[in-house]
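Undergrad: Chains as they are written, first to last, in this note's numbering: chain A, 12 to 221; chain B, 85 to 401; chain C, 140 to 700; chain D, 508 to 607.
It is worth saying that the hints were derived from the structure and are not from the lab.
Please note that a few of the clues may not be correct.
Okay, derived cross-link-like pairs now, DSS-like style, lysine-lysine, Cα gap no bigger than 30 Å in a straight line [claimed, not checked]:
hint : chain 1 : residue 1 : chain 2 : residue 2
1    : B       : K358      : A       : K71
2    : B       : K190      : A       : K71
3    : B       : K190      : B       : K358
4    : B       : K190      : B       : K388
To list a few chain B residues with every Cβ distance to chain C over 12 Å, as calculated [what the hints assert, rightly or not]:
hint : residue
5    : I101
6    : A169
7    : G274
8    : G313
9    : L333
10   : Y348
Ideal placement from N, C-alpha and C gives every residue a C-beta, glycine not left out.
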Amino acid sequence: MSDVSAAVREPWPDLTVQRQGVGLGIWVFLASEVLFFGALITAYGIYRSIHPAAFLAAAKHTELVYGTINTVLLLTSSVTMTVALRAAEARLRRATIGCLAVTLVLGVGFLLCKGLEYRDDLREGFFPGAGFPLADPPTQLFWMLYWIMTGIHAIHLSAGILVVGVVAMLFWRRVLPVQDSTMEGIATYWHFVDTVWILLFPLLYLVGRI
Amino acid sequence: MSLAEWTTAASDYAERIDNIFWLLCTVSGLILLLVMALVITFVIRYRRGSQVERGELPPSLKHEVEIGWTAATLFLFLFIFWWAASAELAALSPPRNALEIHVVAKQWMWRFQHPGGAREIDTLHVPADTAVRLAMTSEDVIHDLYLPALRLKQDILPDRYTYLSFTATKPGTYYLTCAEFCGTDHSRMGGKFVVLSPAEYARWTAAQPEGDDLAHQGEALFRTLGCSGCHTPGSSVHAPDLRGVYGRLVHLSDGRTVTADEAYLRDSILLPNKDVVAGFSPIMPSFKGVATEADLVKLIAYLKSLSASASRQGAPP
Amino acid sequence: MTEVATDMTLPFAPVEETGAASYLDEGHTIMSWLATTDHKRIAILYAVSITIFFFIGGAAIALVRLELIEPHGWFLTSDAYNRLFTLHGIIMVWFFLVPSIPATMGNFLLPLMIGARDVAFPRLNLLSWYLYVIGAAFTVYVVIAGGVDTGWTFYPPLSSNYANGQVVAAAAGVFVVGFSSIATGVNFIVTTHMLRAPGMTWFRLPLFCWSMYTVSLVMVLATPVLAMSLLLIVAERAFGLPVFDAAHGGDPVLFQHIFWFYSHPAVYIMILPAMGVVSEIFACFARRQVFGYAFMVYALLAIAVIGFMVWGHHMFVAGQSQLANLVFSFLSFMVAVPSAIKVFNWIATMYRGQIGFEAPMLYALGFLGLFTIGGLTGLFLASVPIDVATTDSYFVVAHFHTIMVGGTVSAFMAGIHYWWPKVTGRLYHEFFAQFAAITMFLGFNVTFLPQFVMGWQGMPRRYHTYPEVFQVWHVISSLGAGILVVAYTLPLIYLGWSLFRGERASDNPWHATGLEWQTPSPPPKENFHHVPVIDAEPYMYHETGHPREPGEPTPVREQGE
Amino acid sequence: MSEREQRHRPTVWQLAREPVLVWAALLVLLAISAVLAHAPIAPFNAAVNLVIAGVMIGLLAVFLMNLRMASALVRLVAASGLFWLVFMVALTFTDYLSRP
Chain A
12 MSDVSAAVRE
22 PWPDLTVQRQ
32 GVGLGIWVFL
42 ASEVLFFGAL
52 ITAYGIYRSI
62 HPAAFLAAAK
72 HTELVYGTIN
82 TVLLLTSSVT
92 MTVALRAAEA
102 RLRRATIGCL
112 AVTLVLGVGF
122 LLCKGLEYRD
132 DLREGFFPGA
142 GFPLADPPTQ
152 LFWMLYWIMT
162 GIHAIHLSAG
172 ILVVGVVAML
182 FWRRVLPVQD
192 STMEGIATYW
202 HFVDTVWILL
212 FPLLYLVGRI
Chain B
85 MSLAEWTTAA
95 SDYAERIDNI
105 FWLLCTVSGL
115 ILLLVMALVI
125 TFVIRYRRGS
135 QVERGELPPS
145 LKHEVEIGWT
155 AATLFLFLFI
165 FWWAASAELA
175 ALSPPRNALE
185 IHVVAKQWMW
195 RFQHPGGARE
205 IDTLHVPADT
215 AVRLAMTSED
225 VIHDLYLPAL
235 RLKQDILPDR
245 YTYLSFTATK
255 PGTYYLTCAE
265 FCGTDHSRMG
275 GKFVVLSPAE
285 YARWTAAQPE
295 GDDLAHQGEA
305 LFRTLGCSGC
315 HTPGSSVHAP
325 DLRGVYGRLV
335 HLSDGRTVTA
345 DEAYLRDSIL
355 LPNKDVVAGF
365 SPIMPSFKGV
375 ATEADLVKLI
385 AYLKSLSASA
395 SRQGAPP
Chain C
140 MTEVATDMTL
150 PFAPVEETGA
160 ASYLDEGHTI
170 MSWLATTDHK
180 RIAILYAVSI
190 TIFFFIGGAA
200 IALVRLELIE
210 PHGWFLTSDA
220 YNRLFTLHGI
230 IMVWFFLVPS
240 IPATMGNFLL
250 PLMIGARDVA
260 FPRLNLLSWY
270 LYVIGAAFTV
280 YVVIAGGVDT
290 GWTFYPPLSS
300 NYANGQVVAA
310 AAGVFVVGFS
320 SIATGVNFIV
330 TTHMLRAPGM
340 TWFRLPLFCW
350 SMYTVSLVMV
360 LATPVLAMSL
370 LLIVAERAFG
380 LPVFDAAHGG
390 DPVLFQHIFW
400 FYSHPAVYIM
410 ILPAMGVVSE
420 IFACFARRQV
430 FGYAFMVYAL
440 LAIAVIGFMV
450 WGHHMFVAGQ
460 SQLANLVFSF
470 LSFMVAVPSA
480 IKVFNWIATM
490 YRGQIGFEAP
500 MLYALGFLGL
510 FTIGGLTGLF
520 LASVPIDVAT
530 TDSYFVVAHF
540 HTIMVGGTVS
550 AFMAGIHYWW
560 PKVTGRLYHE
570 FFAQFAAITM
580 FLGFNVTFLP
590 QFVMGWQGMP
600 RRYHTYPEVF
610 QVWHVISSLG
620 AGILVVAYTL
630 PLIYLGWSLF
640 RGERASDNPW
650 HATGLEWQTP
660 SPPPKENFHH
670 VPVIDAEPYM
680 YHETGHPREP
690 GEPTPVREQG
700 E
Chain D
508 MSEREQRHRP
518 TVWQLAREPV
528 LVWAALLVLL
538 AISAVLAHAP
548 IAPFNAAVNL
558 VIAGVMIGLL
568 AVFLMNLRMA
578 SALVRLVAAS
588 GLFWLVFMVA
598 LTFTDYLSRP
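In isolation and in its complexed conformation, chain A is listed as follows (with noise of 0.2 Å):
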């Protein structure tokens, strides 16, 4: 049980207290992540209530099927990730770290996917500027929007896969014991990236569609 003190930090008491110390704080700044996100619901929202017929229109040329792979993708990551914090409060070592492996090679397989769908856009030409196909100037206000939400969306899942990679690591050197706080964080995080691309799906994939 050595290693269960050397988790302990400073200013706390012991490893309960501390675990919620990081939950409370996780919390508190996933609440300023949803702000973060909102802005951009907002301008989402307050651009599609002036130019409805343009959404619609620019919509349509989302590719609904790399979007669907993705959501399923990143649904299966926040299941493994959970599995992953479960044992890890069973203190089942080898299987978090499992756990931890299959969630990163889902997110880069997010990831990958992205960039497939970004190269199908690019070359199709869909990144507002000059040579925009579609001619009513507000779908540019769609495509800008979209490019904006997923690429801020993807940045923060990159920023997930690397600190999950390092801590996994850590686990796998046994420099952390494995249930020790940081689990408590990048789980919570992880499935906060999630819930935004769930959000994100059906304002930007399914829209248009009939």
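Take the given structure of chain A and dock chains B, C and D to it, following the hints.
TA: Showing chains B, C and D alone in chain A's frame:
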């Protein structure tokens, strides 16, 4: 250049705003005096070491005092809000037949176009005692037409019309300037705001260099830009008839109905697919980059003259 | 500094200077400062950085005030003038005012006041300071590379398409420093919730801790929206995405909505800590309990929550609809009520007290007067027609400077002087401090009262050249700015002097009742030799219940034994 | 690790049972929203999609993010983010919906 150009209240609205301002000054002055008087007396009376009674206040009194000034502040603020909001609502509904002057703000100068065709740079002449409505747009960044004598200002946005309506009462020469930071020469974007008596205004308009009025210039543009090719009754192309369209309710293809005001006409010229009229296909090309701000003002003036003449003759729209 | 009148003896004699190692003795190398996770050292790192930036921002506006003595300017081009006032805005708002009290006094005192050994996440605390330094580096680059001429508000399309200054670098700097205040906010919220000493219930927290908690709520929930608005500006300017481009059907007013959703709560981020500091000082120097402690706490919470719903009063003339104008005007009147309640409670705290006139109290009295003027002129600007007449004029400039300089900077100075003995273990020279406080109060009024007058007459803000009619007011205002320069450099001198030559301070020179005064000054690294237990209300300055005879000592119940 | 604790520790598959159930529910909801997006219920498409997305987020938050067992404080913090978002969206729309 005298202070009067800034501070005289040149319209009834401005005088009402001055009254509200001085009311607020007195109310705030009283509260400030109350605060300073209390602080000074307490600081002197209860300074350290002064021999004066310092017993504890009964807790119930403390509670009542607290509730008391909370409620008093709440009702005072509600009153001030109601007083100010009612002045604002009164000035809200501009009269229907106001004199329409088009304002185009450009980085660091103003261009005014009167319906009679007169054009001015950095100076605005308006007739006294007549309702005036400024339809303003910007060609680049956000500007703000500020008329200190009327206590009015309104931001001017690119690709959108914002309005400023007033009825000046005191003839005289006042100041107009830009009040939204717009770049290097933001502070040099000022000019004269001249209020003339109606007779003088008529004489001034007549004395302007002979250029026919906006509507006729608009009619010429209507032909040269090719609008007449589709929008006249005799044309082979199936396009909405524009006679009498200004101010009318228009049913759009996606089920919405909008009133055809200046913004609708302008958008339909620059972004034709935004509000396609019901029963028509979106085949109209966009005139963005073809029709300049000045052209748009003339075309819209022409379309409004069509609806004026149509309603006069009672011709079916 | 003369010791507080001796008749205020306290039953437990302060622990004599036992030479125990204080946090300052924990290490003297550079790395012991740059890699510290001690909240007290990080507070001092912040104090040094924000003082540097306060004087950079001050220098920028000193040049502007000199330039404005002549109606058509005399040594600056219009472009230089625009870049200077933009620099003044960016530095003062984000690099001085927002971190001024939370990052310095909050960092140092919050753990001490709630009886904790450190903040919840010490390493996150150090990261917060490094984020501030990175943001500051961007801003210094912007200054060197020619500045930015969009105003601190970055309105598009000027900031995105027409400005030719370093907009992207400035936006990046503010973006990074925003995350510094989010980190501080997260830290304070978790610390206040989870690390309070036994017995320290929520309603025994000193009001300074309440102000740190409420300001952290606002920092955490408002700053990300600023980060997004700046990110969208960079997306439009650097990547050509038509975010607010009206030609593509976008709307510049949407940026203003997102920007002001942060920037009005930002002014509450600046004033809430000032209210916390001032509540502590009125209680201590009037030797009275804070009048209506519960109402003061509810007022802080109300300001933090309603503060998010009023941003539209910055946009009455920006093209907003009339209905939105009236809705935001009504909500702005509602948010003014808690502030008024606090002013009345501060005055009532002084009633029947033993009022001393040391420097902190002079600054606090200055705060009270100027905050009242600032609040009342806020009512003018909350009513739509008066705002339409005076927005973007010097009336608005005077209003927000009265709250920020008259309010927050006065409270910052009051706090610096009040906790100086605790932080440094030294006493400052009282006469010079009182002189500086009075000079600052006079300098402030001479600078900003003329601006109210010319603001109502119509003088627009951000003007390099102006009609000669307003020259008399500008000259007086520039004279006042000169007095303020003197008033701001005086503390540097006598506080710096006290660091080396000042008298040694006892644990509780002001005989205050806060937990931070129950530990040696400067405090040891682990703050308390033994974890304190709290069983009394805060501010037990005068015994409630029976009226006390004048001169009778203030019996304060034993704490911490 | 004492013997008694060793035996009682659950295996990974037992731990994974509930999350996999939630996973299945999420996939079903995803399928429904994708199908409904093509259904000719013109004005309600957006609303239906958002409702389903809300249900999915709720499922994920309660079960996978352990909000069910979290303290009241954490639940309050989780809700506060959304609560402030409603301020922003609602008040911004009062401007845009009432523009002439």
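Undergrad: Tell me if the straight-line CA distance from K190 of chain B to K71 of chain A falls inside 30 Å.
TA: Not satisfied, since the Cα-Cα distance of roughly 38 Å exceeds 30 Å.
Undergrad: Does G313 of chain B clear chain C by more than 12 Å, comparing its Cβ with all Cβ atoms of that chain?
TA: holds (25 Å)
Undergrad: Check the hint pairing K190 of chain B with K358 of chain B against an upper bound of 30 Å on the C-alpha distance.
TA: holds (26 Å)
Undergrad: Is it the case that G274 of chain B keeps its Cβ farther than 12 Å from each residue Cβ in chain C?
TA: Per Cβ check, G274 of chain B is inside 12 Å of chain C; nearest 8 Å; violated.
Undergrad: Over 12 Å to the closest beta carbon of chain C is the bar; see if L333 of chain B clears it.
TA: Consistent with the label, L333 of chain B stays out of reach of chain C, its closest Cβ about 20 Å off (over 12 Å).
Undergrad: Over 12 Å to the closest beta carbon of chain C is the bar; see if I101 of chain B clears it.
TA: violated (5 Å)
Undergrad: Quick check for students: does the CB of Y348 of chain B sit more than 12 Å from each CB in chain C?
TA: It holds; Y348 of chain B is separated from chain C by about 14 Å at its closest Cβ, greater than 12 Å.
Undergrad: Per the stated criterion, does the least C-beta distance between A169 of chain B and chain C lie above 12 Å, as a non-interface residue requires?
TA: Incorrect as stated: the minimum Cβ-Cβ distance to chain C is 6 Å, not above 12 Å.
Undergrad: K190 of chain B and K388 of chain B: Cα distance at most 30 Å?
TA: holds (25 Å)
Undergrad: For a C-alpha distance cap of 30 Å, please report whether K358 of chain B and K71 of chain A respect it.
TA: Holds - the C-alpha atoms of K71 of chain A and K358 of chain B are around 17 Å apart, at most 30 Å.
Consistency note: the structure conflicts with the earlier hints numbered 2, 5, 6 and 7.
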